[in-house]
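A.B. asks: The lines below spell out each chain.
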Amino acid sequence: MPRFLKYISKKTGAAPGTLIHVGEKKADQTTIDLIEYNAESTARRSISSISELQSLAGRSDVIRWIDIDGLHDTTLIESIGRIFNIHPLTLEDIVNTGHRPKVEIFEGYVYAIIKMLRYHGGVISSEQVSLVISDRLLISFQEQPGDVFHPVRQRIHNAMGRIRNSGSDYLAYALLDTVVDNYYQILESFGEELETLEEALLENPERESLERIHQLKRETVYLRKQIWPLRETIGGLSHDDSPLITDQTRLFFRDVHDHTVQVIEIIESYRDILTGLLDLYMSSVGNRMNEVMKVLTIIATIFIPVTFVAGVYGMNFKFMPELDWRWGYAGAWGVMACIAAVMIFYFKRKNWW
Amino acid sequence: MPRFLKYISKKTGAAPGTLIHVGEKKADQTTIDLIEYNAESTARRSISSISELQSLAGRSDVIRWIDIDGLHDTTLIESIGRIFNIHPLTLEDIVNTGHRPKVEIFEGYVYAIIKMLRYHGGVISSEQVSLVISDRLLISFQEQPGDVFHPVRQRIHNAMGRIRNSGSDYLAYALLDTVVDNYYQILESFGEELETLEEALLENPERESLERIHQLKRETVYLRKQIWPLRETIGGLSHDDSPLITDQTRLFFRDVHDHTVQVIEIIESYRDILTGLLDLYMSSVGNRMNEVMKVLTIIATIFIPVTFVAGVYGMNFKFMPELDWRWGYAGAWGVMACIAAVMIFYFKRKNWW
Amino acid sequence: MPRFLKYISKKTGAAPGTLIHVGEKKADQTTIDLIEYNAESTARRSISSISELQSLAGRSDVIRWIDIDGLHDTTLIESIGRIFNIHPLTLEDIVNTGHRPKVEIFEGYVYAIIKMLRYHGGVISSEQVSLVISDRLLISFQEQPGDVFHPVRQRIHNAMGRIRNSGSDYLAYALLDTVVDNYYQILESFGEELETLEEALLENPERESLERIHQLKRETVYLRKQIWPLRETIGGLSHDDSPLITDQTRLFFRDVHDHTVQVIEIIESYRDILTGLLDLYMSSVGNRMNEVMKVLTIIATIFIPVTFVAGVYGMNFKFMPELDWRWGYAGAWGVMACIAAVMIFYFKRKNWW
Amino acid sequence: MPRFLKYISKKTGAAPGTLIHVGEKKADQTTIDLIEYNAESTARRSISSISELQSLAGRSDVIRWIDIDGLHDTTLIESIGRIFNIHPLTLEDIVNTGHRPKVEIFEGYVYAIIKMLRYHGGVISSEQVSLVISDRLLISFQEQPGDVFHPVRQRIHNAMGRIRNSGSDYLAYALLDTVVDNYYQILESFGEELETLEEALLENPERESLERIHQLKRETVYLRKQIWPLRETIGGLSHDDSPLITDQTRLFFRDVHDHTVQVIEIIESYRDILTGLLDLYMSSVGNRMNEVMKVLTIIATIFIPVTFVAGVYGMNFKFMPELDWRWGYAGAWGVMACIAAVMIFYFKRKNWW
Amino acid sequence: MPRFLKYISKKTGAAPGTLIHVGEKKADQTTIDLIEYNAESTARRSISSISELQSLAGRSDVIRWIDIDGLHDTTLIESIGRIFNIHPLTLEDIVNTGHRPKVEIFEGYVYAIIKMLRYHGGVISSEQVSLVISDRLLISFQEQPGDVFHPVRQRIHNAMGRIRNSGSDYLAYALLDTVVDNYYQILESFGEELETLEEALLENPERESLERIHQLKRETVYLRKQIWPLRETIGGLSHDDSPLITDQTRLFFRDVHDHTVQVIEIIESYRDILTGLLDLYMSSVGNRMNEVMKVLTIIATIFIPVTFVAGVYGMNFKFMPELDWRWGYAGAWGVMACIAAVMIFYFKRKNWW
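Protein chains in written order, with our numbering: chain A, 176 to 528; chain B, 176 to 528; chain C, 176 to 528; chain D, 176 to 528; chain E, 176 to 528.
Keep in mind that the hints were calculated from the coordinates and are not lab data. Incorrect hints may have been included.
Stated by the list, open to error - Label pairs and their in silico Cβ distance ranges: (1) C:K525 / D:Q390: 41 to 47 Å; (2) B:F281 / C:N213: 45 to 51 Å; (3) D:E440 / B:Q329: 56 to 62 Å; (4) C:K525 / A:E383: 47 to 53 Å; (5) E:C513 / A:G509: 21 to 27 Å; (6) D:S300 / C:A516: 25 to 31 Å; (7) B:R311 / C:P418: 36 to 42 Å; (8) C:F520 / D:W502: 34 to 40 Å; (9) D:Q390 / C:W508: 35 to 41 Å; (10) A:Q423 / C:P418: 55 to 61 Å; (11) A:G509 / D:I519: 49 to 55 Å.
What the hints assert, rightly or not - EDC-like mimics (lysine to aspartate or glutamate), calculated; alpha carbons at most 20 Å apart, straight line: (12) C:K469 / D:E381; (13) B:K523 / C:E381; (14) C:K525 / D:E443; (15) A:K525 / C:E381; (16) E:K523 / A:E466; (17) A:K493 / B:E497; (18) A:K469 / B:E497; (19) C:K525 / D:D499; (20) D:K469 / E:E383; (21) E:K277 / D:E443; (22) C:K523 / D:E443; (23) E:K493 / A:E497; (24) C:K201 / C:D236; (25) A:K277 / E:E374; (26) C:K469 / D:E466; (27) D:K525 / E:E374; (28) B:K523 / C:D244; (29) B:K525 / D:E381.
Glycine included, C-beta positions come from ideal geometry on N, C-alpha and C.
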């Protein structure tokens with residue numbers, strides 16, 4: 176279950192604050208992407224050196240979003256941390272991609288961990304996204320290039336909505352909202368699979384269905400584990416009194432919180448439905464067996480006694496008067512027919528046929 | 176499971192506050208219905224243009240209930256929002272018919288989402304109703320024409336009860352109360368089905384019963400999901416300190432809250448009963464199988480040994496002394512009768528017969 | 176499930192405060208019984224007209240208990256409400272016999288709903304009792320004549336205990352206490368049934384046991400639903416700060432609260448035991464089947480091979496050397512005995528016999 | 176289930192404060208045992224009359240522990256109550272041996288109910304112990320002579336530990352501690368049984384195991400019911416602000432509270448393990464059946480077809496060319512061997528053998 | 176279940192504060208190890224006598240970590256307690272190795288119990304570690320030599336991280352952190368086993384798998400029991416207001432708390448997965464049985480009727496016209512082939528083949 180637990184052994188025993196990258200190395204090189212914008216203008220460029228980052232200080236008339244993709248280069252992360260005054264514990268959490276979602280308020284910034292999920296080939300995988308929300312600056316750390324934030328970048332570029340007129344807190348909200356919206360898409364695919372599965376089960380329960388139910392159940396456990404802590408996380412953002420988050424943005428966070436709660440409720444419904452499907456499968460299998468047994472029993476209990484009669488008159492005793500009777504053979508058929516009729520009548524009455 | 180999740184893909188990535196209609200388009204055209212009343216008089220008319228709505232401002236001596244049916248025309252909804260100062264987030268929730276029930280207090284109005292349920296052909300469907308409760312004005316948004324509010328309109332028309340003498344908060348209560356009353360009707364039909372099902376199960380467990388249990392379970396999950404959040408929703412209305420809701424009306428909201436709690440308790444009882452029915456079904460199937468097995472076993476274990484005896488004397492060995500005995504044939508019958516008797520005695524003692 | 180849900184359709188859509196009797200009509204006529212008492216004297220009489228009730232005002236030197244049996248005559252209930260200043264919502268709850276237990280504090284009185292249970296023929300039925308506790312006056316509303324309050328009337332009559340020296344709050348306590356005491360009796364009968372059932376199951380699991388388990392489970396669900404809300408109800412009475420309830424009586428309410436909690440704990444224990452009994456039943460059935468199968472298998476696997484041997488020597492081939500052997504027949508018996516012995520040995524080793 | 180519910184019918188309807196002994200009469204006569212001690216000296220004697228108790232007033236330089244064994248003599252209990260100013264409700268609870276554990280603070284004393292458990296012959300029985308903790312005086316009420324308090328008496332006698340230098344609250348703690356320590360012993364025996372049972376199940380699942388699992392489950396339900404309320408009970412003692420309990424003793428109560436919590440956690444673990452054992456049993460039975468079925472199937476499917484072949488050549492048709500063939504008999508054997516081989520090969524491939 | 180309950184009988188009845196070693200004696204001799212360090216220097220040595228410990232008083236310029244391995248020598252533990260002013264209740268808990276994890280604040284020190292776990296051969300064993308955190312001094316008590324604290328000692332020795340510059344509270348954090356990190360390693364091994372087991376189950380469900388599932392479930396119960404209380408324990412450390420713990424270290428404790436919560440969540444996920452595996456196993460066994468039954472039924476229902484036909488013509492009646500027919504034998508084969516074909520067609524249609 177490596178998905179469930181990414182905390183690898185090399186980390187054990189290290190001094191707290193030591194940056195150790197936990198998780199798969201998903202990117203070859205760390206790339207840094209900078210977007211600067213304000214109500215009037217916007218610019219986007221790649222940052223290739225630390226010194227370039229350092230020179231970003233000054234100017235307070237723009238909002239900056241620094242997006243860092245790739246977490247394996249801990250020296251680089253450490254330098255970034257030093258430039259922007261990020262606490263060592265935060266840095267440690269950033270590179271530990273197995274951390275659970277949370278929000279923490281530090282001096283000068285709010286730190287949030289969320290999980291970006293992908294659903295591919297029936298398996299959900301997650302990528303950890305860390306957000307450092309500071310005054311007029313948002314730094315996002317992702318495990319690899321490629322994310323779901325494209326619409327946000329477009330909104331910044333096209334000055335759609337209120338994003339260009341709001342601060343870094345609103346940007347954080349926009350990112351969170353996109354991530355949570357993405358959960359809905361995953362749940363949608365999930366729900367479609369559930370429906371297909373249910374129909375398949377009602378028609379013909381097969382071993383494959385059982386394995387699929389099991390697999391979906393495990394995915395639900397995983398999904399729940401990734402999203403559950405988000406509830407308090409985003410709830411925290413909408414209630415905490417950090418000065419970095421304006422009251423207006425808090426209203427928006429409340430909205431994302433609503434969505435998260437709904438996502439969790441849907442997951443719970445899916446769990447209930449899956450349990451129901453398993454019950455349905457097991458009852459169907461039981462039913463199946465019952466039907467098979469009935470056929471066997473009907474055939475066997477009709478033919479075993481009549482075969483016995485045939486066996487009796489196959490005996491080679493010298494003195495068997497029936498054998499010499501004129502209607503002996505017809506009589507034997509009669510007896511056998513009677514036995515069969517009685518049996519069939521019994522089954523009919525028992526409602527087995 | 177499209178019922179469980181209406182949040183469709185086109186919404187993802189849109190800027191917050193962008194109005195995107197989520198859900199099936201259920202109405203061809205949006206219709207607007209206006210009822211104005213005060214203690215003395217009442218009037219009802221259709222509104223066909225936005226400008227007509229705009230001109231409604233002035234006069235503060237009447238209570239107005241604007242009922243809007245059809246949510247797909249987002250431009251129209253947006254215009255209405257602008258006229259009545261409704262926050263963009265509220266508008267977004269109004270047209271997103273997959274939202275969960277909630278109450279939110281905004282400046283100038285209280286916003287509530289509830290679900291109006293229909294039970295048809297064993298399947299529950301829901302329609303989202305949004306209420307914007309403002310001073311002397313209530314705007315209700317429904318997905319389609321046709322609702323359960325007829326009795327409320329009649330009470331306004333006939334000046335029954337205290338409705339004509341109360342404010343928009345009491346009107347909101349009346350609508351909520353009607354919706355919750357409607358839940359009782361659904362539960363009633365549900366309960367009758369449960370009873371029929373239980374009787375059927377006790378008489379003769381069939382595969383159809385299993386499918387019906389499964390279906391009812393899924394409906395219960397759905398019902399729970401739709402009604403559960405209403406608990407806090409209406410609880411919120413009876414506790415919140417918005418000046419728009421008078422203390423007297425709060426007392427009435429407490430009453431609806433009581434009803435909602437009871438509805439939820441009944442749903443929970445139904446869940447328990449359904450689980451019990453499934454257990455009953457599965458045990459019955461097990462019992463059934465047991466009975467079938469017993470019949471098979473009794474028949475087989477009586478006839479298999481005696482058939483063997485018959486087989487023995489059907490052998491063609493030259494030297495088989497029994498075959499020549501005078502009472503050989505009778506003796507064989509005797510042996511077979513003995514074996515059968517022993518078996519029957521054994522089953523009797525084991526209490527299998 | 177009419178027991179689980181008494182809210183009938185005719186109520187839907189009625190204006191709040193409209194008195195509509197919900198539930199079966201259990202009494203032909205409403206009877207009103209008045210008991211007046213103080214430390215010195217006591218008197219009991221029937222009231223036959225509303226005007227008589229109206230004239231009861233004055234005198235504050237006695238405690239009055241007005242007991243009303245029969246709720247279908249809503250006009251009468253309404254008149255009573257008007258005389259004693261009972262809020263329309265309270266009156267609505269009084270005649271709605273499907274309401275859940277609750278306590279509400281209104282101006283001038285405390286209103287409590289409890290359920291009086293009967294256990295008859297394995298089925299629990301409930302009668303709703305409403306108490307309106309006001310200063311020096313207690314009005315109780317029951318669905319029909321006949322109740323469990325006889326001991327309380329006797330104590331008033333015989334001046335036993337402190338009842339004659341206490342107020343209407345103590346009288347309310349005495350009634351509640353009697354109702355809860357009655358629950359213990361029901362649980363006692365219930366417990367005895369459980370014990371009988373358990374013994375029956377351990378001896379011989381039968382289909383009737385299954386139906387009885389199912390039935391008891393459903394009764395437990397019903398019991399729980401009736402009594403569970405009472406916990407907070409009576410808890411509320413012992414904590415609320417209504418001036419109508421003295422601190423001393425509060426101590427007594429705390430005592431009833433303890434009892435209610437214990438009743439609920441016992442119900443929970445019963446649920447656990449019932450679940451255990453169902454498990455026991457199902458395992459027993461499984462065991463049963465296993466035993467049946469073993470017998471079938473032993474008989475079949477011993478006789479099928481030996482019957483085959485007999486069959487072989489029943490063949491009519493011209494050239495079958497064994498048939499002509501001197502010891503052919505004995506040898507065939509020997510072979511068959513060997514096969515049987517091997518089988519028996521196998522079963523013994525497998526521990527199946 | 177008389178153990179689960181001791182509240183007998185005769186109690187119903189009695190006036191509160193009426194002393195009615197509920198439960199089995201376990202002692203013939205009530206015995207009263209007095210221990211007086213202070214730092215310097217200690218004395219123990221039997222009290223035979225009420226007047227002797229009355230004369231105990233005066234002297235405040237000793238701690239007194241009055242231990243009363245036997246609760247059926249309600250007149251005696253009532254007199255004792257009058258002497259020591261015990262509230263009628265407390266007296267009622269003392270003689271009602273079916274009460275749940277609780278702590279209540281009255282004026283002048285703290286009242287605690289706990290359950291002393293015995294585990295004998297696989298069945299847990301409980302005895303109710305009531306403690307009335309007053310200034311420099313502790314009265315304990317037990318159902319019968321014989322308890323687990325021997326070590327406490329010894330510690331008083333031998334002046335071990337701090338008991339002789341502490342007040343009646345510490346004595347109460349010592350008694351509670353001994354009772355809870357006793358729970359550990361019961362859990363120990365319980366745990367050993369669980370272990371034996373588990374080993375037995377893994378080796379050979381038998382019907383007796385099923386009954387034992389069921390029995391242990393019921394005992395766990397009972398244990399839980401007896402001990403669960405103790406959690407808040409003792410928690411209450413360590414938090415309440417009664418002046419009768421010193422801060423130092425509170426520290427010790429916190430310790431007992433820890434132990435109670437641990438006891439409850441162990442009970443929960445045992446429940447989980449028992450559920451696991453039941454699953455194990457049921458799966459084992461299923462496995463068993465599977466194995467039996469396989470043997471039956473293998474034997475039957477090998478021999479039924481070959482017996483058919485033998486049957487064919489046992490037919491008496493005039494014209495059956497095979498019968499006259501030279502190698503007909505050998506050929507029949509060959510065909511039968513082939514059929515058997517094919518079957519065996521099939522089973523091998525299916526991994527059934 | 177000795178692992179679940181270490182509280183042995185000899186303890187019962189002892190005066191509180193009496194030191195009685197509870198648990199297995201795991202060490203022959205108690206060893207005491209002292210590490211002294213400050214920002215500048217560090218030293219480590221063995222302490223062999225009590226007097227040496229006593230002389231440690233003075234100097235306040237170093238942090239001291241006294242590590243005591245072996246708890247059976249209660250006299251020694253008592254002496255240590257006297258030297259460092261440890262409360263008797265704390266000492267009692269230290270030598271009671273069956274205590275549950277907790278944190279308690281005493282005057283002058285904070286006392287914490289945690290469990291160090293080992294996973295060996297599929298079984299988890301635990302060792303109790305007690306920490307007494309006092310000003311500039313930390314005393315750790317372990318059951319035996321050998322622990323997971325090696326990395327901490329190295330960090331002190333090599334002056335890595337901030338440990339040499341922080342107080343005894345940070346040292347306590349470092350130890351706790353190492354213990355919790357160790358839990359991750361155990362969960363990792365656990366998770367790998369789960370994965371292997373799941374694959375094995377999907378391929379071929381065997382009795383061994385069942386036993387392994389059962390064993391893992393029991394280990395999960397044990398794990399949960401050991402780690403669950405740690406949640407509040409460490410939560411307590413991060414919230415309590417003891418002056419011994421600085422605000423900065425509190426931040427670190429919050430971090431460990433996060434980890435503990437995650438560990439518990441993973442355990443819960445494992446429990447869910449194990450339940451799923453058991454369901455999978457049982458359904459697979461049911462499927463298996465179904466398949467076996469089908470084969471039996473198909474073979475039996477095809478051959479039983481045809482064998483009957485063969486039996487009929489094996490009868491020896493004098494007058495059996497068919498026997499003399501020219502095509503009698505071929506006709507019999509035809510009839511038998513027809514029966515078989517009908518049966519096969521039936522099974523095909525039923526989708527059983």
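A.B. asks: None of the hints should be skipped; say for each whether it holds.
C.D. replies: Status of the hints after comparison with the structure:
1. C:K525 / D:Q390: 41 to 47 Å: violated, 28 Å
2. B:F281 / C:N213: 45 to 51 Å: violated, 57 Å
3. D:E440 / B:Q329: 56 to 62 Å: The hinted range 56 to 62 Å holds for E440 of chain D and Q329 of chain B, with Cβ atoms some 60 Å apart.
4. C:K525 / A:E383: 47 to 53 Å: violated, 33 Å
5. E:C513 / A:G509: 21 to 27 Å: holds, 23 Å
6. D:S300 / C:A516: 25 to 31 Å: 53 Å Cβ-Cβ, so the 25 to 31 Å window is violated.
7. B:R311 / C:P418: 36 to 42 Å: Because 37 Å falls inside the window, the suggested range holds.
8. C:F520 / D:W502: 34 to 40 Å: holds, 36 Å
9. D:Q390 / C:W508: 35 to 41 Å: About 50 Å separates the Cβ atoms of Q390 of chain D and W508 of chain C, which means 35 to 41 Å is violated.
10. A:Q423 / C:P418: 55 to 61 Å: violated, 46 Å
11. A:G509 / D:I519: 49 to 55 Å: Taking Cβ atoms as reference, G509 of chain A and I519 of chain D lie about 41 Å apart, which means the hint is violated.
12. C:K469 / D:E381: Holds: K469 of chain C and E381 of chain D sit about 14 Å apart, inside 20 Å.
13. B:K523 / C:E381: holds, 16 Å
14. C:K525 / D:E443: violated, 37 Å
15. A:K525 / C:E381: Holds. K525 of chain A to E381 of chain C sits at ~17 Å (cutoff 20 Å).
16. E:K523 / A:E466: holds, 15 Å
17. A:K493 / B:E497: holds, 9 Å
18. A:K469 / B:E497: violated, 40 Å
19. C:K525 / D:D499: Distance ~45 Å between K525 of chain C and D499 of chain D Cα, so the pair is violated.
20. D:K469 / E:E383: holds, 18 Å
21. E:K277 / D:E443: Holds, at roughly 19 Å.
22. C:K523 / D:E443: The given pair, whose Cα atoms are some 40 Å apart, is violated under the 20 Å limit.
23. E:K493 / A:E497: Distance ~9 Å between K493 of chain E and E497 of chain A Cα, so the pair holds.
24. C:K201 / C:D236: With Cα atoms ~35 Å apart, K201 of chain C and D236 of chain C exceed 20 Å; violated.
25. A:K277 / E:E374: violated, 33 Å
26. C:K469 / D:E466: Distance of about 10 Å is within 20 Å: holds.
27. D:K525 / E:E374: holds, 19 Å
28. B:K523 / C:D244: Status violated; Cα separation ~57 Å.
29. B:K525 / D:E381: This hinted pair holds, its Cα atoms lying about 18 Å apart.
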